[in-house]
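Asker: First to last, the sequence lines map onto chains A and B. Here the numbering used here is used: position 1 in the first sequence is 1, and no number is missing along the way. Here the numbering used here is used: position 79 in the second sequence is 79, and no number is missing along the way.
Please keep in mind that the hints were generated in silico from the structure rather than gathered at the bench. Note that beta-carbon positions come from the ideal geometry of N, C-alpha and C, so glycine has one too. Where hints are given, some of them may not hold.
What the hints assert, rightly or not - So the derived list for chain B, only partly shown, Cβ under 7 angstroms to chain A, looks like this:
id, residue
1, Leu50
2, Glu86
3, Glu89
4, Lys148
5, Ile150
Claimed, not checked - Distance windows between CB atoms, simulated:
id, chain 1, residue 1, chain 2, residue 2, range
6, B, Val23, A, Ile56, 29 to 37 angstroms
7, B, Asn87, A, Ile56, 18 to 26 angstroms
8, B, Ala52, A, Arg13, 19 to 27 angstroms
9, B, Tyr105, A, Ser55, 35 to 43 angstroms
10, B, Asp101, A, Lys47, 22 to 30 angstroms
11, A, Gly53, B, Val131, 51 to 59 angstroms
12, B, Thr104, A, Lys47, 27 to 35 angstroms
13, A, Leu42, B, Phe124, 42 to 50 angstroms
14, B, Asn96, A, Glu64, 37 to 45 angstroms
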Amino acid sequence: MKTRIAELRKERRISQEELALAVKVTRQTIISIEKEKYTASLQLAYKISQYFGLSIEEVFIFEEEE
Amino acid sequence: MEEYRQTLITRHKIYLLALSLIVVFFSINRFLDYGIVIPNPHTADFVHGLFAGTAFGIEILLVIGIFKNVRALKDEKRLEELYIAENDERTAYIKNKIGGDFATYMTIFQIVVAIGLAFVDIRFTFVLYAVTMVECIIRIIMKAWYMKNI
Numbered sequence: 001m002k003t004r005i006a007e008l009r010k011e012r013r014i015s016q017e018e019l020a021l022a023v024k025v026t027r028q029t030i031i032s033i034e035k036e037k038y039t040a041s042l043q044l045a046y047k048i049s050q051y052f053g054l055s056i057e058e059v060f061i062f063e064e065e066e
Numbered sequence: 001m002e003e004y005r006q007t008l009i010t011r012h013k014i015y016l017l018a019l020s021l022i023v024v025f026f027s028i029n030r031f032l033d034y035g036i037v038i039p040n041p042h043t044a045d046f047v048h049g050l051f052a053g054t055a056f057g058i059e060i061l062l063v064i065g066i067f068k069n070v071r072a073l074k075d076e077k078r079l080e081e082l083y084i085a086e087n088d089e090r091t092a093y094i095k096n097k098i099g100g101d102f103a104t105y106m107t108i109f110q111i112v113v114a115i116g117l118a119f120v121d122i123r124f125t126f127v128l129y130a131v132t133m134v135e136c137i138i139r140i141i142m143k144a145w146y147m148k149n150i
């Protein structure tokens with residue numbers, strides 16, 4: 001699943017560490033989500049979206065597998 | 001976070017109790033006659049060494065755990081970091097991938113059974129112990145792989 005987390009972070013000058021602390025996960029989890037190696041759970045996706053003040057669809061881009 | 005602090009205090013007490021018991025066991029291990037039928041005299045040293053080695057390994061893990069708990073209990077920031085590290089969803093996902101809690105309980109069960117089997121036939125202990133160690137090594141390798149690739 002593609003995400004706009006890295007882009008949104010850079011726009012708002014937020015570090016991975018700050019975001020991780022705010023949504024209560026490790027920095028490594030944020031790195032993995034940004035690199036699309038790990039798909040966040042619905043709960044985490046919601047927390048991250050809330051942190052940015054956006055909806056889940058605006059932060060996470062769902063692509064249906066072929 | 002207060003609830004987690006209480007959990008940590010309880011865990012700390014359990015670790016200290018386990019550590020004390022292991023230290024006692026470690027001190028008297030040499031003098032114990034387990035009543036185990038040992039095929040040859042050279043194996044006796046090996047049996048004591050094996051039990052002492054296992055106890056020592058568990059002891060090291062407990063000391064690391066105690067050290068982590070004490071640091072977290074003294075510092076609010078470290079407490080939060082430890083809480084996050086323990087409840088991180090990616091870490092939980094990887095843990096599940098390598099067998100989860102069931103695999104950990106199985107390892108403990110196998111070690112207990114392996115020790116118990118020494119009173120039946122020491123060869124059973126060696127075989128089960130070796131199998132358990134191989135399982136642990138495989139889990140460590142799998143964890144390292146998942147940590148790198150997920």
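Asker: Please write out, lowest number first, the hints stated earlier that are contradicted by the structure.
Answerer: 1, 2, 4, 6, 8, 14
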